[in-house]
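Protein chains: 2
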Amino acid sequence: MNVYVYGVGTTSFGKHPDVPLAKLAEDAVLEALLDAGPGAIEAAYVGTVFGPFGSGQRALRRLGLLGIPIVNVENACASGSTAFHEAFWSIRTGRFKRVLALGLEHLTSRFDGPIAPEATDAEGRSGLSLPALYAMSAARYMACHGLTDRQLAAVTVKNRQHASTNERAQFRTPVTLEQVLSSPMIADPLTLLQCCPLSDGAAAAVLGARRDNPRDVAVLSCVLRSGHLWDYRSKHVWGQDLVSTTAAQAYKHAGITPDEIDVLEVHDAFTIGEIVTLEALGLAALGEGGRLAESGVTALGGTHPVNPSGGLISRGHPLGATGLAQLAEIVGQLRGDQSTRQVQNARIGLVETMGGGVSGIDGNACVITVLSGAAQ
Amino acid sequence: MNVYVYGVGTTSFGKHPDVPLAKLAEDAVLEALLDAGPGAIEAAYVGTVFGPFGSGQRALRRLGLLGIPIVNVENACASGSTAFHEAFWSIRTGRFKRVLALGLEHLTSRFDGPIAPEATDAEGRSGLSLPALYAMSAARYMACHGLTDRQLAAVTVKNRQHASTNERAQFRTPVTLEQVLSSPMIADPLTLLQCCPLSDGAAAAVLGARRDNPRDVAVLSCVLRSGHLWDYRSKHVWGQDLVSTTAAQAYKHAGITPDEIDVLEVHDAFTIGEIVTLEALGLAALGEGGRLAESGVTALGGTHPVNPSGGLISRGHPLGATGLAQLAEIVGQLRGDQSTRQVQNARIGLVETMGGGVSGIDGNACVITVLSGAAQ
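Residue numbers (our numbering), protein chains in the order written: chain S, 185 to 560; chain E, 185 to 560.
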């Protein structure tokens, strides 16, 4: 079966300590249902990392979306994309005709400050938290490829600029290179403004098996992989091998090459993430990714606009919701709906989400989705 | 595609505060892999409620089961059965040929006493925890149908007796009706010995698309549903409608009637659960379920043996692992492997798991699986 996205919906992203998680989810789902138009939802896949047990059921009960199979899924930061992936395959294989994918997270009710490592996470408790893992990647990448602090910081400058007209983004104020570089150091070389914030929010998509409407966006492929044990002999930094193997499969299933992609949302939880990911996706050669943001190639108006929504760094990173927030942005781009941040003539879009990383393993999950608008 | 269970594995169930969660999972997975025989695992679905994010990846990395799609799922107490359900459908639809389903939980590292309600769970915080929800069902059922305290307690007596020769069960000492009735009251009318314990453990199954071995057990159907908003006009107690609608679908897909079932594992988190579930499954008329345990019908040697493993009450209830522990018992029964607790000539088996319940909603998830041994 071919698979289409019929509708998407999101909340605004940011700190919403006084808005219950179920309310955020309902807002996103209602928007997606209205966008999709009428039709019975046959199943729902719901991604969250820190939501309470039964998060999907709690979110969907007031909407009357019960009695159907509801499966809550978790794959760290790729939980929302995993929900989408499961929904995609449930339609691709002919099991269902119309399915809801939902992602939700309410981090401000779980954490006062940064996300604390689990009690049983010895490496995290010893300091190898995710910011540290990304910082080590950045330091190694700088040593191997001559990446500069300014190139790293340029990713934030670009993504903040993109978010400036996204009214649902968490940070909409543009920043300068100097501001990024002089913000407090979190994990050398990553400064505060190079790290994604703690966010609350929800995002949803309705998928179906038949193109009913020219606004429906085709899902050409959706691939999920878990990382292998990280090979210390690899010349690549953490995450790069997992993204590139996942991308190879996604391109093959979609029948496209990287140069055909008009617009991308990728996992810039930290600035180095965007750089490494774009190389792994084949949009730059190894060691060349640092030049992309600096040169304007990945800015709106460039040849390969990346993170037009502002990315995780500026739109926000409500873990379980992130993948579907990325998806909503790309669906909007492929429909030509994104107004001031619209990429002209966008026909092929890509969403990449990286989930977690237990040290020693190269990512819990990477999900890559290739989409095509009606013009295709 | 037809779907078969190639192999199952479990840990022993009980309090294992000093055994890491990943070690429990590895033991269960290794046993299942050895039982299944050689063959590459193409994907894994992993159920847990309170495990850390990326539980599946953490559990599988030391076994080298990485690089494949791994999806962690959560559906309250039906998380393990949901993992099995997702694995089943991934084979049924032809997506994969060989898949691992794993359930795991380490409650002793998360809770000192009973599972505390979430901070945002207003009903739970007000006292409507799961024991209270089941107790209200029991009280209503007693008022409507004349169920007696002794009939309720007989469920524990039977299941403890069953567990007495299950070396992996948490409680293996038989108890008398008097002991059950005189144990401390937890939520009237449910006494301590009528409530499942806090448990740690893991259980796994390997599923595949082709019968390779006469010991492979066929999965005739596997159905997952979420509950509807509970209808106060219903003459049934909490959970009953959800189990009966799920069962109707499972019987239809499997092409069987309830009287063909030779052996069952059902969700006796509390004694009333087994009684209500057996009625909902069609093994007794409404109001007649209370007589089953007392009369011996559901004991080993009776016409419909229920919970030969000892059930959640005696084998233990490590939430995410429970559904796959139930499945492992039934697979063993259909293979004729269960020695002193073997049901003679068992050809059709059923597993029923009930997941949670947010108040106002009739269960987060019910999963029912119908299996058939080689003799079938």
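Read the hints as simulated data drawn from the structure, not as lab findings. All C-beta atoms in this analysis are idealised placements derived from N, C-alpha and C, irrespective of residue type, glycine included. Please note that the accuracy of each hint is not assured.
The following label-pair restraints were derived from C-beta to C-beta distances [to be verified]:
hint: 1; chain 1: S; residue 1: 221; chain 2: E; residue 2: 351; range: 53 to 61 Å
hint: 2; chain 1: S; residue 1: 357; chain 2: E; residue 2: 544; range: 40 to 48 Å
hint: 3; chain 1: S; residue 1: 248; chain 2: E; residue 2: 369; range: 46 to 54 Å
hint: 4; chain 1: S; residue 1: 544; chain 2: E; residue 2: 332; range: 31 to 39 Å
hint: 5; chain 1: E; residue 1: 394; chain 2: S; residue 2: 486; range: 49 to 57 Å
hint: 6; chain 1: S; residue 1: 248; chain 2: E; residue 2: 433; range: 38 to 46 Å
hint: 7; chain 1: S; residue 1: 357; chain 2: E; residue 2: 369; range: 42 to 50 Å
hint: 8; chain 1: S; residue 1: 311; chain 2: E; residue 2: 221; range: 30 to 38 Å
hint: 9; chain 1: E; residue 1: 437; chain 2: S; residue 2: 248; range: 22 to 30 Å
hint: 10; chain 1: S; residue 1: 328; chain 2: E; residue 2: 226; range: 49 to 57 Å
Okay, the hints, checked on the actual structure:
no., hint, verdict
1, 221/S with 351/E: 53 to 61 Å, "holds (57 Å)"
2, 357/S with 544/E: 40 to 48 Å, "holds (42 Å)"
3, 248/S with 369/E: 46 to 54 Å, "violated (37 Å)"
4, 544/S with 332/E: 31 to 39 Å, "violated (56 Å)"
5, 394/E with 486/S: 49 to 57 Å, "holds (51 Å)"
6, 248/S with 433/E: 38 to 46 Å, "violated (20 Å)"
7, 357/S with 369/E: 42 to 50 Å, "violated (60 Å)"
8, 311/S with 221/E: 30 to 38 Å, "violated (43 Å)"
9, 437/E with 248/S: 22 to 30 Å, "holds (25 Å)"
10, 328/S with 226/E: 49 to 57 Å, "violated (34 Å)"
Figure legend: structure checked against the earlier numbered hints; hints not met, in rising order: 3, 4, 6, 7, 8, 10.
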